[in-house]
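There are 2 protein chains.
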Amino acid sequence: MLQAQSWSLQSPNKNLDLKLILAADGRLSYDLAFKGKMVVKAGVLGLAIKDDPGFERNLAFESVQEASVDNSWTPVWGEEKNIRNHYRELALTVRQKEAKKLRLLLRFRLFDHGLGFRYEFPGQESLTYFVLSDEKTSFPMTGDHMAWWIPGDYDTNEYFYTRSLLSEVDAIARGNATEISTRKVWTQKGVQTPLMMKTADGLYINIHEAALVDYPAMQLEIRGNSLHSHLVPDAVGNKAYLKAPFGTPWRVIHVSDRAADILASRIILNLNEPNKIPNTSFIKPQKMVGVWWEMHVGKSTWDYAGTQNASTTGAEAKPSGKHGATTANVKRYIDFAAKNGIDAVLVEGWNMGWEDWFGKWKEEVFDFITPYPDFDVKELQRYAASKNVKIIMHHETSGSATNYERYMDTAFRFMKNHGYDAVKTGYVGRVIPRGEWHDGQWMVNHYLRQLQKAAAYGIMVDAHEPVRPTGLHRTWPNFLACEAARGNEFNAWSVGNPPAHETILPFTRLMGGPMDYTPGIFEINMSAYDPAKKEQVHTTLAKQLALYVTMYSPLQMAADLPENYEKHMDAFEFIRQVAVDWDSTVYLEAEPGAYLSIARKAKGRGDWFLGAITNENARTAMLNLDFLPAGKTFDITIYQDGKDAHWEQNPKSYQILQQKGTSKTILKIPLAPGGGAAIHIR
Amino acid sequence: MLQAQSWSLQSPNKNLDLKLILAADGRLSYDLAFKGKMVVKAGVLGLAIKDDPGFERNLAFESVQEASVDNSWTPVWGEEKNIRNHYRELALTVRQKEAKKLRLLLRFRLFDHGLGFRYEFPGQESLTYFVLSDEKTSFPMTGDHMAWWIPGDYDTNEYFYTRSLLSEVDAIARGNATEISTRKVWTQKGVQTPLMMKTADGLYINIHEAALVDYPAMQLEIRGNSLHSHLVPDAVGNKAYLKAPFGTPWRVIHVSDRAADILASRIILNLNEPNKIPNTSFIKPQKMVGVWWEMHVGKSTWDYAGTQNASTTGAEAKPSGKHGATTANVKRYIDFAAKNGIDAVLVEGWNMGWEDWFGKWKEEVFDFITPYPDFDVKELQRYAASKNVKIIMHHETSGSATNYERYMDTAFRFMKNHGYDAVKTGYVGRVIPRGEWHDGQWMVNHYLRQLQKAAAYGIMVDAHEPVRPTGLHRTWPNFLACEAARGNEFNAWSVGNPPAHETILPFTRLMGGPMDYTPGIFEINMSAYDPAKKEQVHTTLAKQLALYVTMYSPLQMAADLPENYEKHMDAFEFIRQVAVDWDSTVYLEAEPGAYLSIARKAKGRGDWFLGAITNENARTAMLNLDFLPAGKTFDITIYQDGKDAHWEQNPKSYQILQQKGTSKTILKIPLAPGGGAAIHIR
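Protein chains in written order, with the numbering used here: chain C, 69 to 750; chain A, 69 to 750.
The set of hints was computed from the structure by calculation and includes no laboratory data.
Treat the hints with caution; some may be incorrect.
Because identical chains share one entry, a pair is satisfied inside a single copy or across any pair of copies.
Derived pair list, reagent style EDC-like, types lysine to aspartate or glutamate, alpha-carbon separation capped at 20 Å [unchecked claim]:
1) K521 / E473
2) K109 / D85
3) K428 / D202
4) K311 / D435
5) K399 / E247
6) K87 / D435
7) K311 / E431
8) K352 / D651
9) K344 / D489
10) K428 / D282
11) K266 / E659
12) K103 / D325
13) K635 / D651
14) K87 / D442
15) K428 / E193
With the sequences and hints as input, model every part of the structure.
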């Protein structure tokens, strides 16, 4: 019998140790340790192939290669101007002992704050097309860690997070206790990635994936203390249809004893392919307002007839007088944007079909080119151009991706002919092709096809309800942002997002890429629109400002209504000023579910913007300005909670303070319960 | 308790009697009799709706309406210039006694040779979108009839027919004994429509459907002597996603004591909607040759590299020298077509992807616009135009309908820019969306979307491997023909089509519409291409000529190679002369599975063309020319089997006779075993 074989690798800073083991029975596994503490012990590596023994056992060593890489690259936009890519690599090739003697390569990249690895199928005579029936990767933890999780669900990630021990996860109970209409929880012990954990002895561990291309999303099933990959299946129960040569997405384990290191990591971006768009001049980080929040608060409707009744669609539809996307109303938003340096106006509900769009699992919903009678496409094109404001197109698919694909060329041509260069997509509802899921391989490919076609037309994309991101915006920087999590809108019409929500998202959903969270709600209480309403935003007003810094995105919405901003133009000044693209970012304070303070330097400007937020507990943010250039004095404007502010009892209390400061200044900013602070340094 | 209620209806000629019964328990059923003989006894009428009691029982009478219709209409092309639409109608509205009291209308149209009926969901407050979980229609026969059947199969109808009693049907055994690669037999006792039957006392009964739109195909399950509707399911097991108002396809029962009446019936066309194409000037019945049979016989290949190996696609592909669709070879076919009055040349294998196209359930196969390096699109456009010949485009999808839909606009624009006005489609392989079937609602809708978009671009369609037709070419006359059955090509590389095959198809597959059967194979024996080959066409050469008349289609292929025709230009003269559009058609002799003789008058000309065929048995066709105008003498050219001809031993023996004749002439033409005769009267 063969003996077990093993290989070791250390991270550049020597904090992380990887050990890779090929056991005597031909099974592969790995161990990962941080500063000598075990993080993953005997993690399984394996793949099941349909009609083949696959790569789970009986594997033989073939070759191994090592490499060291240290370089840097410049993103089209991002949290910093240059990104360092520094890792050590080990590439192990094994082959089946029996059957077709197929070869498999496992590539490990060990960075200072984490590990990325993937499976690669080299091109080989007896493997071209094949069906992946399962992936068997596991992440055995060394204890029953604390986790911030949402239920494993093939169709949605719009849950708020639960903080619990791994052993306490109950995805079914959590899934049943939600207002999300389209969902598919697949087991009691399933969770999604990015999964954020903290060990009893203070290690922060995060599991996600990078470069999800032509493969289903990975979710995780908890068995004891171990996490097992669970790929979202297709309509007939297969996991992926692949062709060699092929590399799977990267499985990424971040680990550090400082929470801020998790946020500062660029591992996921580094594991994605470089930019593939030859001419990126059409891509522009930007701010927008939108004919949008007014529908969420019930002031107006997406549909023309206001009935949400399928029998009143098409030619029979009569205007209700409450339609939001009218020419006049859009002009009002354009005027507000022009006056306040906002780049663009998103308009939802402009096109035919909204009476009849939701919950029917209906194939042909929207055609993406036919406006309602009260939305004058050409006049608005003229008017927006005259004000130097862009209109952002909206393509709601209601989950009917097949329908969107057949109209996509036509829809993009329509956009370019009418001056649109950005589109917000939506996938609310059950997916068509029926039997497929939002997070399966077919839809993963759909989202990417849409991005690629948009790039070819010179169109930027903000995707709502897609699979959660995995760093693909490096490769396709027209992918400005996406939702793929529970956004601010839930505060308008549901139990909302708990005050801790925004302190968790950067450690979870945002690990994969920018989120269109739609911050900036000044009218916190929905009772302002209807005294019967009890819903509210679960933050203070000042915290809404802080989110423009803590919730990174190159596309930021000033989500509230112009009339609400006009009541607080002093506070709105921060939104006018805040940048959306950055030269550098400093993570000052961070603890998942508790607090977060970030400083960012505006790209190409000397200005810095800081955001500090807390959960339901008041705290004092300690903001050491030592990142500022020494020897200079700066003007500092602080938008902070009023003394009596409280997210529930007094959310709109804020104050704006001015002071001077230098690199030696330490700001001590009181944050109210559910509060925050936004700071502009120049 | 309520008593049973019933309603009766007679066909215009009083041969058919329909009785409709609403039983005391609220169940609906029907009886159908022909000249006093029961044909259907207590046929069930019912529909199951998801999350609703549906329409199976507890139905109450609401209203009934009768009507008589006798009119006629002119098809864009067809077997006759004018089509009479003559029926009596009964429309019964019932409603649920409980639940939502939904209403359902059952519409019956009784013609002289058959019954059509369908279910209609009127628009109503509590019914807009709904899911059909099943249709419960049954057709209880009065005995164990003889049937010509192919297995019930969600994915293919490319079987040859079995003649057996209903009780002897074994679809699974038959399905397993075939070379068809993509198939899904769903039960032992399942068969497809059109189903042809004959009773012990000589009644001919045919069951099919008309106007299959937005609904799955109906197959039939045999239980005892009864036939039960079985709708092809979707990926998740539902049958159809519907929106009221909606009418199902028509269920059509033909019945007569003369087999020819079944063929002469226009009921299925009459039950389809009138033409919906405003300008039909682009639609032209035509003949074609094609770079096609040479691939089937192995003389050349569809793919450029000739490898059928996925690793040699794209830029790496090297020409094998056997590629069929080269510029030079296509020019050879264009020359042949131009010289012989053939309108068009079909070219398959012109575009990238054929190395890599089949059996992989692969989403992205062809892009429909990228030619192989040796196929010069522009030069061939110029050359074909200079010879006044059209090239017919080929879009093989390999079953990846989603891929075809996303490229369809681009592909049609490419066609129009390069002078193509007709496309042959192909759906060889498992369907994508995965989990859907060739004959389910999604694909039924796909085929129609393709037709409609083609119509919008001014493009004619010849669909291969689609759902079998149901008369939709009346509504969309750009739908020239389709395959959807076992064509002549099977004779090139399989056990082939038995000599009876072409005597059955008109009673089965062709009930729904024209077939692109690709007749005209003169080189009967495949050993001509390779001495090792034993495959052959299972007819005589003369029978191949007869098929241009007996196998109706406005698109007819002269399927053999130019060099084979050049050896028999005397016989080829019939193909040159034969029309493809008709003023009238006379069914002279007909017996399913045995023989068929048809006379047709060329549209707008005085010429008549006759075809007579037999199965494996020799016979003498008795062709009474009393359809000719009296008092005139005609020149008659007869292409008939040689004296010693036999489909197997001596298939290429033929003779051409000239004679005079009048309306009083009766031609007695000897047909060899597997033989036939083609006659041109002018």
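Each hint, compared with the structure:
In this assembly of identical chains, the alpha carbons of K521 and E473 lie at most 20 Å apart whether taken from the same copy (10 Å) or from different copies (15 Å). When the C-alpha separation of K109 and D85 is checked against a cutoff of 20 Å, the pair qualifies only within one copy, where the shortest distance is 12 Å, while the shortest distance between copies is 80 Å. Proximity of K428 and D202 under a CA criterion of 20 Å is satisfied inter-copy only: 18 Å between copies versus 32 Å inside one chain copy. In this assembly of identical chains, K311 and D435 lie within 20 Å of each other by CA distance solely across copies; the values are 18 Å between and 34 Å within a copy.
Proximity of K399 to E247 under the C-alpha cut-off of 20 Å is found in neither arrangement, the shortest distances being 34 Å within a copy and 65 Å between copies. With identical chains, the CA atoms of K87 and D435 are never at most 20 Å apart, being 54 Å at best within one copy and 45 Å at best between copies. For the identical chains of this complex, K311 and E431 are inter-copy neighbours only, at 11 Å across copies versus 30 Å inside a copy, given an alpha-carbon limit of 20 Å. With identical chains, the CA atoms of K352 and D651 are at most 20 Å apart within one copy only, with a shortest distance of 15 Å there and 65 Å across copies.
Taking the shortest Cα distances, K344 and D489 sit within 20 Å of each other inside one copy (18 Å), while across copies they are farther apart (37 Å). When the C-alpha separation of K428 and D282 is checked against a cutoff of 20 Å, the pair qualifies only between copies, where the shortest distance is 15 Å, while the shortest distance within a copy is 28 Å. Taking identical chains as interchangeable, the C-alpha atoms of K266 and E659 lie at most 20 Å apart only when both belong to the same chain, with a minimum of 10 Å there against 81 Å between chains. Only within a single protomer do K103 and D325 lie at most 20 Å apart by alpha-carbon distance; the minimum there is 9 Å, versus 92 Å between protomers.
When the C-alpha separation of K635 and D651 is checked against a cutoff of 20 Å, the pair qualifies neither within a copy, at 33 Å, nor between copies, at 79 Å. For the identical chains of this complex, K87 and D442 are neighbours neither inside a copy (65 Å) nor across copies (53 Å), given an alpha-carbon limit of 20 Å. Proximity of K428 and E193 under a CA criterion of 20 Å is satisfied inter-copy only: 16 Å between copies versus 46 Å inside one chain copy.
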